[in-house]
Amino acid sequence: MKESDFEAKNTQDWRQYDMVMENLERGNHDAVDTPKVPGMVRKLCSDLSLARHRMYGSRTCENLNYRVTRGHKLVAKADGGFRDKVVKFFMADFPQAMRKEWKLLVVCWLVFLVPFFVMWMSYSYDQEWADSMLGDGAKGDLDASYGKGDDSNLSMRDEFGANFMMFGHYIHNNIGIDLLIFAGGALAGIGSLFFLAVNGLSMGASLAYVLNEGSPEKLLSFVSGHVSYELLGMVVAGMAGMRIGLAMIKPGQMSRAKALLESGKSGLPLIIGACCLTFLAAIIEGFWSAQNVSPDIKYKVGYAGWFLLALYFIFVGRGKKYAA
Amino acid sequence: MAVKKNIEVIDTLQSVELGEGVEIMLRIAGPFPRALALLLDMLIIGGVMLIFTIIMVILEITSGNPYVAEGIRLIVAFFVSWGYFVYFECGRRGATVGKRALGLRVVDRSGNNASRGQIFVRNILRLVDMMPGIPGMAAGVFIGSFGLGFMCCILTKKFQRIGDLVANTVVVYTHPDYVVTGQQPNVEHPVAPTAALAREEQVAIADFYNRAGLWSEARRIELADHASELTREKGMRGMVKLLGMAKWIKERGK
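Chains as they are written, first to last, in my numbering: chain A, 1 to 324; chain B, 1 to 254.
The hints are simulated quantities; they were obtained by calculation from the structure and are not laboratory data.
These numbers were taken from a predicted model, which means no experiment stands behind them.
Note that beta-carbon positions come from the ideal geometry of N, C-alpha and C, so glycine has one too.
Mixed in with the good hints, there may be bad ones.
[What the hints assert, rightly or not] Computed list of lysine-lysine pairs in DSS-like fashion (alpha-carbon distance at most 27 Å, straight line):
1) B/234 x B/247
2) B/158 x A/250
3) A/2 x B/247
4) A/265 x A/85
5) A/218 x A/100
6) A/265 x B/157
7) A/258 x B/158
8) A/298 x A/103
9) B/158 x A/265
10) A/85 x A/100
11) A/85 x A/258
12) A/258 x B/247
13) A/218 x A/298
14) A/250 x B/157
15) A/9 x B/247
16) A/218 x A/103
17) A/43 x A/2
18) A/250 x A/100
19) A/139 x A/100
20) A/218 x A/139
[Unchecked claim] According to the in silico footprint, chain A covers these stretches of chain B (three or more CB under 8 Å from chain A):
21) 69 to 78
22) 164 to 172
With these hints in hand, go ahead and build the complete structure from the sequences.
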């Protein structure tokens, strides 16, 4: 069959196909006889094969290739409802991923906690380590918030909108740090480990400084409410980053490229979960932690946070219903 | 046009075989158009953030209570700097404003639309691809040289940066590229080839016909001379005969 005859014979079909695609891409499903679409795409596939086999000109082939690519995207789309996905994520995917990666969880906690305690303990032997970690600026900030005197700049939080501003600051800063820790994993894991360890050092130094030079109750009652979610969020971001890093260093049986994209899949629930945890921490830190409530209640809320997290990650998403 | 089975085609076309048994060709975009798209996006983000910041700062100063405006400014800065790419690439067109302007989009390596998760991952890892640079969020734009991403792009066959490798995505042109074919040669008579031809040889001759419009007559003759063993002619006559064979191959009854 001549190319021109082939075109003449099929132009009608192709034009109709283009119109259907146009409507589908615009989300205009009513104008389309949906059950017929897969058949139309298959017809185009066979047209493309024929055109290639008969060695028709590149313009015809390119056009058909474009049409098939366009239809394939719509037909092969596997899109469940967004709400179902969100529910499944919190009820199954996230806690399951955490249990599956428990070794990484331990490793990342250690990478954070060891520098934290070393820096804290070092203060009673040699203050210079903590001093150089903090610098004068950070020490001034700590004095302003948790210093020995009666006034603390935490009381500025009683003003209208101040809590909201701090909430914005925590979103901007803390979730940004989570994402940074995750991305750092793509440098063979070094970035993730570095940021975890540096955070451990600076938090250890801050804690040691306030315990020795400030009034500890101000700090502890402030952080107790949100510290569980915030630290765990950071550690989980580190786990997600380490997934990618390990795929680069130790791909195992897979090729490195394959290991990388698998690590993207297994890291995804972790980094999304990390962002959610940090978001939760930001809400609490913004609207609860600076409230004028007695420290006892604040500590209890803090313990409850750790307890709830443990319950969630140990028990949620088990059983047949959520089997992967 | 057709895929040659045993020949490694040096091309930006990547073939993907579909469940329907047909191969589609994805035209992968290289680093240069992608850099231009990125530059455009950065200018847009920077411009939007600059105007937004100015408005919020004025509000903070004039309203007497700076807290609410500052809180909104920080949250918006976060979502614009991290979310601009994710939001637009998750959309129906799979492309940011810059990518759309250059006719590009992000797809899964199978040619499908990329999932939200893939888009999210590839855009967080943008931070690594832009190294060495400043991962600060000044004015809401991440500023970086994209040296690592560029190196990774040119070292991988499908021009993927690190984020693309982890998320299993590629950036492709949305529309087909029509080779300018010029005036197709006018061939009067189909000529039956003098020997049985393998499929690859038939493809080569058909390609010669399809592209002949691009070349001057002297160039056509020069190329046709390589097939003089088949046509048993040289020069102009050989060229005409070869075109006749191409016509015969393309039109033989079916």
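Status of the hints after comparison with the structure:
A distance of roughly 19 Å separates the Cα atoms of residue 234 of chain B and residue 247 of chain B; the hinted pair therefore holds under the 27 Å criterion. Under the criterion of a C-alpha separation no larger than 27 Å, the hint pairing residue 158 of chain B with residue 250 of chain A is consistent with the structure, at around 23 Å. Simply put, residue 2 of chain A and residue 247 of chain B have alpha-carbon atoms about 9 Å apart, close enough for the 27 Å limit, and the pair holds. For the given pair, residue 265 of chain A sits about 15 Å from residue 85 of chain A by alpha-carbon distance, which is consistent with the 27 Å threshold.
For the proposed pair residue 218 of chain A and residue 100 of chain A, the alpha carbon gap of about 38 Å is over 27 Å, so the pair is violated. Annotation: proposed proximity of residue 265 of chain A to residue 157 of chain B holds, straight-line Cα distance about 22 Å (limit 27 Å). At most 27 Å may separate the alpha-carbon atoms for a hinted pair to count; residue 258 of chain A and residue 158 of chain B meet this at roughly 14 Å. Straight-line distance between C-alpha atoms of residue 298 of chain A and residue 103 of chain A comes to about 31 Å, which puts the hinted pair past the 27 Å bound.
Annotation: proposed proximity of residue 158 of chain B to residue 265 of chain A holds, straight-line Cα distance about 20 Å (limit 27 Å). For the hint pairing residue 85 of chain A with residue 100 of chain A, the CA-to-CA distance comes to about 20 Å; that is within 27 Å, so the pair holds. Simply put, residue 85 of chain A and residue 258 of chain A have alpha-carbon atoms about 25 Å apart, close enough for the 27 Å limit, and the pair holds. The suggested pairing of residue 258 of chain A with residue 247 of chain B is violated, with an alpha-carbon distance near 45 Å, which exceeds 27 Å.
Restraint check: the Cα-Cα separation between residue 218 of chain A and residue 298 of chain A comes to about 11 Å, which is no more than 27 Å; the hinted pair holds. For the suggested pair residue 250 of chain A and residue 157 of chain B, the alpha carbons sit about 22 Å apart, so the restraint of at most 27 Å is met. Our distance criterion of 27 Å between C-alpha atoms is met by residue 9 of chain A and residue 247 of chain B, whose separation comes to about 20 Å. In summary, the hint linking residue 218 of chain A to residue 103 of chain A is not supported, as the alpha carbons are separated by about 35 Å, beyond the 27 Å threshold.
Straight-line distance between C-alpha atoms of residue 43 of chain A and residue 2 of chain A comes to about 19 Å, which keeps the hinted pair within the 27 Å bound. A distance of roughly 18 Å separates the Cα atoms of residue 250 of chain A and residue 100 of chain A; the hinted pair therefore holds under the 27 Å criterion. Distance restraint check for residue 139 of chain A and residue 100 of chain A: the Cα-Cα separation of roughly 40 Å exceeds the 27 Å cut-off, and the hinted pair is therefore not satisfied. Among the hinted pairs, residue 218 of chain A with residue 139 of chain A is consistent with the structure: their alpha-carbon atoms are about 15 Å apart, no more than 27 Å.
With a threshold of 8 Å between beta carbons, the proposed coverage of the region 69 to 78 of chain B by chain A holds, since 8 of its residues qualify and at least three are required. Residue count for the region 164 to 172 of chain B with a Cβ under 8 Å from a Cβ of chain A: 4. That meets the three needed, and the coverage hint holds.
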